[in-house]
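K.L.:
Here is what each chain is made of, one letter per residue.
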Amino acid sequence: MNQKQLGYLFEIAWILPSVAVPIAFLVAIVITAFAVGISVPGEAGRVDPKTLNTTAPFDKPGLRELAPGRYEAVITAQLFNFTPGELEIPAGSKVTFIVTSRDVIHGYKVENTPINMMIVPGQISRMTTTFDQPGEYYVYCHEYCGGGHHLMAGKIIVTPAQSASSGR
Amino acid sequence: MATARVSGVPLASERADAAVFSTEHRLTGLNLLVAFIALALGGLFGVMQALQYNGIDLYKPIAPVLRGGYYQGLALHGVLNVLVFTTFFIIGWLTFTTTRSFGIPLASRTLGWVTFGVMTGGLLIAALPLLLNNATVMFTFYPPLKADPFFYIGLTLVVVGTWLLLANQVMTLRQWRAANPGVRIPLAAFMSIVTMTMWVICTFGVATEMLFLLIPWSLGLVQGTDPVLARTLFWFTGHPIVYFWLLPAYISWYNFIPKQAGGKLFSDPMARVSFILFLILSTPIGLHHQYTDPGISETWKLIHAIFTFGVFFPSLLTFFNVVASLEHGGRSRGGKGWLMWVFSLPWREPSFTAQVLAMILFAFGGAGGLINASYNINLVVHNTSWISGHFHLTVGTAVTLTFMGITYWLVPHITGRKLWSPPMALAQAWTWFLGMGMFSHWMHQLGLMSMPRRTAIGAANYMQPEWQPLLPFVMIGALIMFVSAILYYLNMIMTITAGKKEAVPMAPFARAISGPEDSPRVLDNFKPWLTISFILIVINYAPTLIRLISTTPLNIPGMRSW
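Same order as they appear, the protein sequences are chains L and W. Under my numbering, the residue at position 125 of the first sequence is numbered 125, and the numbers go up by one with no gaps. Under my numbering, the residue at position 396 of the second sequence is numbered 396, and the numbers go up by one with no gaps.
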């Protein structure tokens, strides 16, 4: 075998796993997205930021219990805070976050959960997760939004399941 | 006109070389000068940010000059380093590689000067509002943050200026082809033209954003804008821009490093194939920067994720080809064993060492990039300091340290002055590697602890106790890089002003073990690849863009919140 033929052999030996490994990763991602249900935000509709105060559901931001253990958190982001800034829910609750911005682009990341969304004026961001572990979860605005960006944070308090009064 | 020659064969006389390419050398030199001034200024703000994380606020002392504090400094850091430094260096570098690889000067030197003039003019126009704190909108300039119109106009001019290099390259290619019928395009020229073609295609996105959304809106001609549409057009350019940064580094890794290592390029056909794949796959994947955006369907996000994994393939080809070339070099220099050949490589050569160290950190950057591209796994890291850590490995090291490594032979060559201190250059490469490795590692760690990026952490009201012990290491990494930068700039200034005058040859083009004669000729014909590229872009972007454009109320007013 001459040097060129040996070279081709090495190339094939590298190319095959170079195709197989990314495909394996992709399969894993598709399974977690569709079978386990860890997905990303999608289209949840537009809203006019100028009329938020009179547009449902953003006219009444806050936490609503839809069914036992099932919540909806309607939140507005604005320079430099979230309304409401603090939520309290019992452990085991499944929460759908519905968030929009009144002014510029903000971020909404809840630590130690998959909740991570861009909050864009004119658009509704929506994601759902379940809080199993009691504790305090910080919420960060993670997109530069202006001079007070580093002051923009919130908190989600997950109380132990036995004190299962709905948080308000 | 100089007669064409096969790349890799040096001219008989370096002096004749310098005479033939004097204008190209001047253009390259001026572009590099602007680039490295931008890197120096931008880099200073980077160090200040790492100090601010640790409660050392240097913004107050400079407040009389820069009123905008941390965030104005951050905007300058981003714009100067990832937009200005990269773009000017690349235009200068590709002017050099194209003409030297063809062995003929630019088809239009006037156009070469116009290119530099338009870009520099644009830079000056954009710099004014940036320095006056009227454009503290970061290098991503997401509306509805509204900057001074001159910021957008200036940046647009810089981009338009870069397009002129492609025109010049195509004219030069035609001239070369007329004189060399049937000869394969030399590899470096081929790669330089592919890089610029990819760039011109992908900048359609940001040019449209500027001309139809941001400029009329910032001038007050229209009242509202659409942030998601603007972000989509921005990332249409914003992802391929990373290949616009990387491919010129690859050009050095493919065309010069194998020879600098003492061997040959492993495979010319494989190199051409990987560049064609970058041309085709770089653009139709931009939505992977918008996984967490509202208003874009999950389906298209997932399709872009799949294509992003596709572009990982030419990256792996590059990895293999470059490492195989290094191995060939190491073995040619007497290296033995499975891995011991590594120690036979020319580690005393600063240009070589800087670029190989850049590759090593890039391997980690590439692995991290795959995580970012992974659709839902990205939820863990999106917009955390992990991302800043990531692109300091890629653009901050793979690209920047490679560009620095190139200048260790390129600047002596075009100025006709010997490098002032090779040992200092060697120390510079290692300190950059060490400093960036530390900085980036801890930024990744902090990102996994949810620390947000682009944030004045030192002043945050939510400082987490688990972040605090790690932040000093971020600062130490940044300070080591600061030392590295001082070594670099001192060495360069001394080279230009006091280096020993002598004709320094350029690094010779590497020959290939498997040469262009082994690759299909269709690779040199751009038409089929451009057609495939356009079709993929239309398929992957048209549905999302058409829906966003046809449903936009364009009703979001601008705002200055800094």
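Keep in mind the hints are simulated off the structure, nothing from the lab. Be aware that a few hints might be false.
Said to hold, decoys possible - In silico DSS-like pairs for lysine-lysine, Cα to Cα no more than 25 Å straight-line: (1) K527/W x K418/W; (2) K336/W x K418/W; (3) K4/L x K501/W; (4) K155/L x K60/L; (5) K259/W x K336/W; (6) K4/L x K259/W.
K.L.:
Hint by hint, say whether it matches the structure.
P.N.:
Verification of the hints:
no. : hint            : in the structure
1   : K527/W x K418/W : violated, 43 Å
2   : K336/W x K418/W : violated, 33 Å
3   : K4/L x K501/W   : violated, 43 Å
4   : K155/L x K60/L  : holds, 19 Å
5   : K259/W x K336/W : holds, 19 Å
6   : K4/L x K259/W   : holds, 18 Å
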